[in-house]
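J.: Chains as they are written, first to last, in our numbering: chain R, 1 to 210; chain H, 211 to 420; chain D, 421 to 630.
Keep in mind that a hint or two might mislead.
[What the hints assert, rightly or not] Below, computed lysine-lysine pairings styled on PhoX-like, alpha-carbon distance capped at 25 angstroms:
#, chain 1, residue 1, chain 2, residue 2
1, H, Lys239, D, Lys449
2, H, Lys239, D, Lys569
3, R, Lys29, R, Lys171
4, D, Lys569, D, Lys449
5, D, Lys531, R, Lys149
6, D, Lys591, D, Lys531
7, R, Lys29, H, Lys321
8, D, Lys591, R, Lys29
9, R, Lys171, R, Lys111
10, H, Lys239, R, Lys29
11, H, Lys359, H, Lys239
12, H, Lys321, H, Lys381
[As the list claims (entries may be wrong)] The calculated label-pair distances, taken between Cβ atoms and stated as ranges, are:
#, chain 1, residue 1, chain 2, residue 2, range
13, H, Leu283, D, Pro595, 48 to 58 angstroms
14, H, Thr287, R, Leu172, 16 to 26 angstroms
15, D, Asn510, R, His198, 28 to 38 angstroms
16, H, Thr287, R, Val196, 49 to 59 angstroms
17, D, Thr597, R, Pro175, 31 to 41 angstroms
18, D, Thr433, H, Arg274, 26 to 36 angstroms
I should point out that these hints are in silico values taken from the structure, not numbers from a laboratory.
Because the structure is a prediction, the values reported are computed rather than measured.
Every residue gets a Cβ at the ideal spot worked out from N, C-alpha and C, and that includes glycine.
Residues per chain are reported as follows:
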Amino acid sequence: MSSHTALGVLEFTGIFVFAISGALVAIQKGFDAVGILILAEVTALGGGVVRDLVIGDTPPGAFRNAWYLLIPLAAATVAFFAHPVVERLNFGVLLFDAAGLGLFCVTGTLKALAHGLGPVQSAVLGVTTGVGGGLLRDVIARETPAVVKYDTDLYSIPAMVGAAVVTVAYKLHWPLTVAAPAAAVFVFGFRVVAMVRHWRAPRAWTRGRA
Amino acid sequence: MSSHTALGVLEFTGIFVFAISGALVAIQKGFDAVGILILAEVTALGGGVVRDLVIGDTPPGAFRNAWYLLIPLAAATVAFFAHPVVERLNFGVLLFDAAGLGLFCVTGTLKALAHGLGPVQSAVLGVTTGVGGGLLRDVIARETPAVVKYDTDLYSIPAMVGAAVVTVAYKLHWPLTVAAPAAAVFVFGFRVVAMVRHWRAPRAWTRGRA
Amino acid sequence: MSSHTALGVLEFTGIFVFAISGALVAIQKGFDAVGILILAEVTALGGGVVRDLVIGDTPPGAFRNAWYLLIPLAAATVAFFAHPVVERLNFGVLLFDAAGLGLFCVTGTLKALAHGLGPVQSAVLGVTTGVGGGLLRDVIARETPAVVKYDTDLYSIPAMVGAAVVTVAYKLHWPLTVAAPAAAVFVFGFRVVAMVRHWRAPRAWTRGRA
Chain R
1 MSSHTALGVL EFTGIFVFAI SGALVAIQKG FDAVGILILA EVTALGGGVV
51 RDLVIGDTPP GAFRNAWYLL IPLAAATVAF FAHPVVERLN FGVLLFDAAG
101 LGLFCVTGTL KALAHGLGPV QSAVLGVTTG VGGGLLRDVI ARETPAVVKY
151 DTDLYSIPAM VGAAVVTVAY KLHWPLTVAA PAAAVFVFGF RVVAMVRHWR
201 APRAWTRGRA
Chain H
211 MSSHTALGVL EFTGIFVFAI SGALVAIQKG FDAVGILILA EVTALGGGVV
261 RDLVIGDTPP GAFRNAWYLL IPLAAATVAF FAHPVVERLN FGVLLFDAAG
311 LGLFCVTGTL KALAHGLGPV QSAVLGVTTG VGGGLLRDVI ARETPAVVKY
361 DTDLYSIPAM VGAAVVTVAY KLHWPLTVAA PAAAVFVFGF RVVAMVRHWR
411 APRAWTRGRA
Chain D
421 MSSHTALGVL EFTGIFVFAI SGALVAIQKG FDAVGILILA EVTALGGGVV
471 RDLVIGDTPP GAFRNAWYLL IPLAAATVAF FAHPVVERLN FGVLLFDAAG
521 LGLFCVTGTL KALAHGLGPV QSAVLGVTTG VGGGLLRDVI ARETPAVVKY
571 DTDLYSIPAM VGAAVVTVAY KLHWPLTVAA PAAAVFVFGF RVVAMVRHWR
621 APRAWTRGRA
């Protein structure tokens, strides 16, 4: 399997798992089949669409190939019929989700860099690619977005570190065939450890302590 | 009246009625005059703006002609002063809304096809044109979006069927002067029957039944 | 100090203060450090990004210079550690926020006019630049958006008047070096008086009075 094929398989896996997470939120909220499909699509593709609109690369990648839209449909269908099974596999879904996060924040950063955006901007767009879809999912589902809440394990911070690492590697001309997968694997590992150990980002210094 | 004029009248009617629905939600939530105007504009134009940003056709159609922005202002003004009357005409408003849905999902699909997007992508953007504004309306008004909720009559599914029909007609080179109006009328009729009979999309298979 | 430098200082001040308002909302909601940063960025830059996407000027200004993204990071850091102090300076923050509103609605309108958009459209985009970030802030924080609520002092209406004035000045070829600052100062003063006197926009005529 070539590295290009491997990347494609990983990308579609990431989209599928992000879509599963959207569909499961919709099911937990009691939404109908249309709502399940909408949340699956938005969660899986929203971050990348926002990135591409900002870059000015239209139509966004998600609209250049019908598979990008059909994979969330497949995920929504699986979740619709098999959600009790999927929920029992919850930790497995979270593992794949962490893999998707690592992949998307790295590929999103690299795409922005390749389009000539500056390093800070590219890292921000990389993180947007990874966490934007979940933010939109929570807004539509009327949940406090997981990425801003206190009581969730670290999610954006691994993505930020990964995006920063791949930006530095790009700017210093390190070999990306090594640095990009390494950054993605690092994000995945960081996220998994954060989940297992329930690492959290701090809240603002309280009035009492100030 | 030429078919071009007829289309323009229909389009402005659709925008007006979508704007009325946004203004009525704002009034029911107790928002002020500015909130009524903002919800009217977003509901009427939001779906088409998102479609045009995705296609890359900027500025979006809604910003090419001042009438697109002024018609929701007129609708907001009418609703502001006459909302008890408008609410009594509720079923009439829903009929016009169904007509707007039919029109927008068909014209949105055709615009995406004309810009070279694939059939699945174009149908998705057609549905986005029809239901996107209402989704944004509900997000701003902090209501669970009607398009994802279980306890609302079918809305997106008629639009999906209409977008799919017009896409097939386009790809098979059927005469669009017949197929496009037919698809729009079909969406309108499907939506009206769904309202009268309270058809609903299914929810996910429950744990108990799985 | 040249007028160009003065404009730059004002713009960065506006971004900083808008970001502070986003960070404070996040702190009040108990969000973590990531949530504070996200709300700071979205509040400060969201309105301008939407304007630039609609105009078709990509990447948006906020992504052309790293400072636009770093200033909200600085504001979020200040709010994170010093929020009890910042909150005690609440009226000062509101004053700077009013200055940012005046500046952004004027510069946003002028940018849209310079890109060839019509007068109504440009004024709408100017208002969007001023109030869009706060709207997105409230949607993510799950608050009823301040711009649509009844029980908030006038915010959008000063921006609308300012955007209209600067549009008329532009179209009548009045000297913008005078008219633009005058409009911005007018918006600032109007907003401050509205805050002090608790001016509010009316709600729709109630059923009882109709």
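J.: Now, for every hint given, state plainly whether the structure supports it.
T.: Do the hints match the structure? See the list:
1. For the given pair, H/Lys239 sits about 22 angstroms from D/Lys449 by alpha-carbon distance, which is consistent with the 25 angstroms threshold.
2. For the suggested pair H/Lys239 and D/Lys569, the alpha carbons sit about 9 angstroms apart, so the restraint of at most 25 angstroms is met.
3. The hinted pair formed by R/Lys29 and R/Lys171 fails the criterion: a straight-line CA distance of about 44 angstroms is larger than 25 angstroms.
4. With a CA separation close to 18 angstroms, the supplied pair D/Lys569 and D/Lys449 stays within the 25 angstroms bound.
5. A C-alpha spacing of about 36 angstroms is found between D/Lys531 and R/Lys149, which places the hinted pair above 25 angstroms, so the restraint is violated.
6. Distance check on the hinted pair: D/Lys591 and D/Lys531 sit about 14 angstroms apart at the alpha-carbon level, within 25 angstroms; holds.
7. Between R/Lys29 and H/Lys321, the direct Cα distance comes to roughly 34 angstroms. Violation of the 25 angstroms bound is thereby established for this hinted pair.
8. The suggested pairing of D/Lys591 with R/Lys29 is violated, with an alpha-carbon distance near 51 angstroms, which exceeds 25 angstroms.
9. This hinted pair checks out: R/Lys171 and R/Lys111 have alpha carbons roughly 14 angstroms apart, not beyond 25 angstroms.
10. Of the supplied pair hints, the one linking H/Lys239 and R/Lys29 holds, its CA atoms being roughly 22 angstroms apart against a limit of 25 angstroms.
11. Pair hint H/Lys359 plus H/Lys239 holds up; C-alpha atoms about 19 angstroms apart against a cutoff of 25 angstroms.
12. For the suggested pair H/Lys321 and H/Lys381, the alpha carbons sit about 14 angstroms apart, so the restraint of at most 25 angstroms is met.
13. Judged by the Cβ atoms, the range 48 to 58 angstroms given for H/Leu283 and D/Pro595 is violated: they are separated by roughly 30 angstroms.
14. For H/Thr287 and R/Leu172, the Cβ-Cβ distance of about 59 angstroms falls outside the hinted range of 16 to 26 angstroms, so the restraint is violated.
15. Take D/Asn510 and R/His198: their Cβ atoms lie about 35 angstroms apart, and the range 28 to 38 angstroms holds.
16. A hinted range of 49 to 59 angstroms holds for the C-beta pair H/Thr287 and R/Val196, which are about 58 angstroms apart.
17. In this structure the hint that D/Thr597 and R/Pro175 lie 31 to 41 angstroms apart at CB is violated, the actual value being about 53 angstroms.
18. In this structure the supplied range 26 to 36 angstroms holds for D/Thr433 paired with H/Arg274, their Cβ-Cβ distance being about 34 angstroms.
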